[in-house]
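Novice: Listed below, chain by chain, are the residues.
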Amino acid sequence: MRNFKTINILALAILLALTATSCRNSDKADDEMNTNKVLLQIDNDPIVAYNIWFKVGSVNDPQGKEGLTYLTAEMMADASTKSNDYSAILEKMYPMATGYGAKVDKEMTTFRGRTHKDNLDEYNKLFMDAILNPAFKEEDFNRIKNNTLNYIKNVLRYSSDEELGKFALYNYVFEGTPYGHLMSGSVEGIENITLEDVKQHHKNYFNANNYTIGLGGGYPNELVDKIDTELNKLQDTAINTMVDITPKPINGLEVLLVEKENNSTAISFGFPIDVHRGDEDFFALALFSSWLGEHRNQSSHLFQVIRGARGLNYGDYAYIERFLNGGRLNKPNPNNARNNLLFEVWIRPVQHIHRHFALRAAMRELQKVVDNGMTEEQFETTKNFLNKYSIHWAATTSERLGYQIDSEFYGIEDGGNYINHFREKIRNLTLEQVNSAIKKHIQYNNVKIAMITSDAEQFKSDLVSNADSPIEYNSPKPDEVLEEDKEISTYKLDIKEENVTIVPVDEMFQK
Amino acid sequence: MIRNIILLTLGLFAMSSISLMSQDSKNVFPYDYEVNTLENGLKIITIPMPSNGIVSYYTLVRTGARDEYEQGKTGFAHFFEHMMFRGTKKYPGTVYDSLIISIGADGNAYTTDDYTAYHLSLSKEDLDLVMELESDRFQNLSYPEAEFKTEAGAVYGEYRKNITNPISVLWEKLKYTAYDKHTYKHSTIGFVEDIKAMPSLYEYSMEFYSNYYRPENSILMVAGDISTEDILEKAKKYYGEWEQGYTAPKVEQEPEQTAARSAEVKYDGKTNPIVGIGYKTEAFDATDKSVISRELIGDLAFGSNSDLYKKLYLKEQKVQYISPYFPQNRDPFMSIIYTMVNDPSDIDYVKEEVQNSVEWYQNNLVDKKKLDDLKKRQKYAFLMSLDTPSNVTGNLARMVAITGGMDAVEQYFQTLESITPEDIQEEAKTMSEDKRTIIELQGAK
Chain Z
1 MRNFKTINIL
11 ALAILLALTA
21 TSCRNSDKAD
31 DEMNTNKVLL
41 QIDNDPIVAY
51 NIWFKVGSVN
61 DPQGKEGLTY
71 LTAEMMADAS
81 TKSNDYSAIL
91 EKMYPMATGY
101 GAKVDKEMTT
111 FRGRTHKDNL
121 DEYNKLFMDA
131 ILNPAFKEED
141 FNRIKNNTLN
151 YIKNVLRYSS
161 DEELGKFALY
171 NYVFEGTPYG
181 HLMSGSVEGI
191 ENITLEDVKQ
201 HHKNYFNANN
211 YTIGLGGGYP
221 NELVDKIDTE
231 LNKLQDTAIN
241 TMVDITPKPI
251 NGLEVLLVEK
261 ENNSTAISFG
271 FPIDVHRGDE
281 DFFALALFSS
291 WLGEHRNQSS
301 HLFQVIRGAR
311 GLNYGDYAYI
321 ERFLNGGRLN
331 KPNPNNARNN
341 LLFEVWIRPV
351 QHIHRHFALR
361 AAMRELQKVV
371 DNGMTEEQFE
381 TTKNFLNKYS
391 IHWAATTSER
401 LGYQIDSEFY
411 GIEDGGNYIN
421 HFREKIRNLT
431 LEQVNSAIKK
441 HIQYNNVKIA
451 MITSDAEQFK
461 SDLVSNADSP
471 IEYNSPKPDE
481 VLEEDKEIST
491 YKLDIKEENV
501 TIVPVDEMFQ
511 K
Chain F
512 MIRNIILLTL
522 GLFAMSSISL
532 MSQDSKNVFP
542 YDYEVNTLEN
552 GLKIITIPMP
562 SNGIVSYYTL
572 VRTGARDEYE
582 QGKTGFAHFF
592 EHMMFRGTKK
602 YPGTVYDSLI
612 ISIGADGNAY
622 TTDDYTAYHL
632 SLSKEDLDLV
642 MELESDRFQN
652 LSYPEAEFKT
662 EAGAVYGEYR
672 KNITNPISVL
682 WEKLKYTAYD
692 KHTYKHSTIG
702 FVEDIKAMPS
712 LYEYSMEFYS
722 NYYRPENSIL
732 MVAGDISTED
742 ILEKAKKYYG
752 EWEQGYTAPK
762 VEQEPEQTAA
772 RSAEVKYDGK
782 TNPIVGIGYK
792 TEAFDATDKS
802 VISRELIGDL
812 AFGSNSDLYK
822 KLYLKEQKVQ
832 YISPYFPQNR
842 DPFMSIIYTM
852 VNDPSDIDYV
862 KEEVQNSVEW
872 YQNNLVDKKK
882 LDDLKKRQKY
892 AFLMSLDTPS
902 NVTGNLARMV
912 AITGGMDAVE
922 QYFQTLESIT
932 PEDIQEEAKT
942 MSEDKRTIIE
952 LQGAK
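Those protein sequence lines, which keep their order, are chains Z and F. For the first sequence, position 384 matches number 384 in our numbering, and the numbering has no gaps at all. One rule links them: number in our numbering = place in the second sequence (from 1) + 511.
Extracted from the complex, chain Z is given alone in its bound form:
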């Protein structure tokens, strides 16, 4: 039965949104001020998406004040401005069903939000005010500082071991470099930061020479210049935000055991790769890591070995770019573009009795593919998969805008559509390219491993002595699985005692 017939204005707008986008640096951009612009104008789209990018990130935090960029961005996006109290801002945003927020990453900070066109004027005023005129009130500062400390001390250390494991791995690999602390800082860093530091940091880094305007959806042409003129009122400071990141060479298998009372062991391991989206090899490695462990995808190889055949945990994945908040998100959230990336494997929590076995299983799979390369069949299947699957990564205008900002970061000429560019690169890959990229960039001898576990001394001794880790199941398994188990449970991981560090969880992210 036919129920309703209704107007289709929105539907039409969405059609246009998906088919008639303009490219970045469109002819509408005003180059007079020499500002970078990323524009995805979509006529008739009822939504306008904002993404203002500043080239500053946690790498620009001064030593001893880790978290300064984060606190500064939060004091802009989540606090009062000179014209409105924070509660007044919330009140004004409320009927519009919207808001804005800051995302601070290692090398970039983006202010993002979206509004229905009906409310554009009011929204624009509030959004720009947050960037231009933060009030830096003591009460907001105390609240944000307190929230951040609670996040590090309680949420991150205790509420999700797998997120803890991933952050622990990144800090471990980049120890001693400006990449070596959380984007939200360290406990002592946050405690050391004063409101005066925040004001100064805003002046220095969120300046008139350091922004890129990203706009998407149904905005009017004049909005671009309007925003540009406004942002030009920021301080005219010139500051170099680029920093040198040279991670310490990894010497064999190096292990960080974060000790806490928990019921399962979370495992992450990886090493730096000298590749990003702007490099040809990136796409070959993207195909490889998708096959090995596409994020939250049950067909990927590691998932099949560890969960599918053995039921040891909830999932097992591989990455060549940082996937933040992967426990919750199915698709990557753009705008953590980085010049320094890891190849990374994420093994979701396994029972402690299986920790050694699971680590061995994953490392052994890595060795197999590095030594033997991918097969023609694996290559073709993954190529077809990625070519289609990647269209789901940027379904909305905000997501597409986020990807285009990242393209700007990496200096990619993608014709204004990174996803299409990615698909084309994937389609043109050959098996030889993929296997040679694996040989060139991926290895299994020098790897850092971070694990969150109980009774770390015992685990350390098991690891260092290469103790067998036989496994028993509560259900019958096929012979080939049992045969393979014998190899896995005695697979040699050459870990030297001096390469294992045990850290109590309450010391994590302290400095």
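Hints listed in this document are in silico derivations from the structure and should not be mistaken for laboratory results. Since the model is a prediction, treat every value here as computed from it, not as a measurement. Please note that the accuracy of each hint is not assured.
In silico PhoX-like cross-links for lysine-lysine, where the CA-CA straight-line distance does not exceed 20 Å [stated by the list, open to error]: (1) Lys145(Z) x Lys826(F); (2) Lys879(F) x Lys92(Z); (3) Lys92(Z) x Lys821(F); (4) Lys92(Z) x Lys826(F); (5) Lys822(F) x Lys92(Z); (6) Lys117(Z) x Lys887(F); (7) Lys137(Z) x Lys822(F); (8) Lys92(Z) x Lys880(F); (9) Lys460(Z) x Lys492(Z); (10) Lys862(F) x Lys822(F); (11) Lys92(Z) x Lys886(F); (12) Lys511(Z) x Lys781(F).
With chain Z fixed as given, assemble chain F onto it according to the hints.
Specialist: Same frame as chain Z, but now just chain F:
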């Protein structure tokens, strides 16, 4: 494809309150849609919308944790959702996976208290294959016992992963304390002892499939670049032979709560104290003013524009957050307020403030502008949530699943539009202390 999102974390709750209203058009939902029913009772909702070739394909089974009425079977609906990926004789699990891979579809599933959802986002040219695969597993699921037992290990892994979050611990305790008879007593993932015993329930899994995975208990929802005619034709071909046989679960009604309840629960890790306060409420009914008023009270009294939020979070900074979760449910559930308190010595004060806020709404009329702002907010939130086919289906899923169709959508907005400050006050009066359950969670260290 991860198939088990359990709605435990606060972040996901926002999705459940779909809200729309319109001043200038008769209907609020902006797309044409049709609801058709096959002879076997399978309801098919088609929502054609321009989407550049992308289609969202949702199968809703109106069975969730609510239907687990038998002793020792809690968590089974969710576990069974995992098993739905283990294949059929025609398409064993690995074949199903490789076919989904070959078309690059983004597939997933989740289980909630009231329903289970299986969904894929795909290119329209792959519809035939997807309908062939989906209809096959809903009619001919078949897996060996060994695989069943292996999958039970993954579910236990999921439980262990979730329970490190204090909100999961509090949620379990709140349901356990507030309910005596009704199956809302347990969380969707189930009691841990039942999860551990799952490997022994192979026979029962067949029974479960046979009782609940039936056309008259399921709804197909397809949105995107489609034509209704084409979907109906395909649906007849692929689902036409699906046999009826739904057996309703014997879910007991919960007796009326007559006295305040409370409990404390320890969390093994470190956390600031978290307080969860639940007020019993009615089952969702889109035409019932009191039900819709109750939903609005969540936002008015405890949302980011509420006086209490401004007082406790912004001004006094006594809490890390305060957040309402007033869900729509098939049977009478609870309206819940969560808050994380900075200092344990403030717990009583914060609890008191929550009750004071309820009492304020019992004794006063809400400002008309504030109520209108909220209605406006609902409209924009809805309009802005309909930008992709999977957002459309995802946002409609709960209301469609718990009411069994699309009628509730328009009814909901008609009722919403009619709510007055007096309605809000009337409804607030039902939030009395004897309908309340308070859980206090404290860290172990």
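Novice: Straight-line Cα separation of Lys862(F) and Lys822(F) no greater than 20 Å?
Specialist: Holds, at about 13 Å.
Novice: Does Lys887(F) lie within 20 Å of Lys117(Z) when you go C-alpha to C-alpha?
Specialist: Distance of about 14 Å is within 20 Å: holds.
Novice: Hint check: Lys879(F) vs Lys92(Z), CA-CA at most 20 Å. Holds or violated?
Specialist: holds (16 Å)
Novice: Quick one, are Lys92(Z) and Lys880(F) close enough, alpha carbons at most 20 Å?
Specialist: holds (12 Å)
Novice: Just to be careful, I want the Cα atoms of Lys137(Z) and Lys822(F) compared with a cutoff of 20 Å; is the pair within it?
Specialist: holds (17 Å)
Novice: Would the pair Lys460(Z) and Lys492(Z) pass a check requiring their Cα atoms to be no farther apart than 20 Å?
Specialist: Roughly 14 Å separates the two Cα atoms, so the pair holds.
Novice: Straight-line Cα separation of Lys822(F) and Lys92(Z) no greater than 20 Å?
Specialist: Distance of about 17 Å is within 20 Å: holds.
Novice: Would you check the hint for Lys145(Z) and Lys826(F), treating anything up to 20 Å between C-alpha atoms as holding?
Specialist: It holds: about 15 Å lies between the C-alpha atoms, which stays within 20 Å.
Novice: Under the criterion that the straight-line Cα-Cα distance not exceed 20 Å, is the pair Lys511(Z), Lys781(F) satisfied?
Specialist: It holds: about 19 Å lies between the C-alpha atoms, which stays within 20 Å.
Novice: Regarding the pair Lys92(Z) and Lys886(F), is the alpha-carbon distance no greater than 20 Å?
Specialist: Holds, at roughly 14 Å.
Novice: CA of Lys92(Z) to CA of Lys821(F), is that 20 Å or under?
Specialist: holds (14 Å)
Novice: Has the given pair, Lys92(Z) with Lys826(F), been kept, meaning a C-alpha gap of at most 20 Å?
Specialist: Roughly 18 Å separates the two Cα atoms, so the pair holds.
Consistency note: the structure conflicts with none of the earlier hints.
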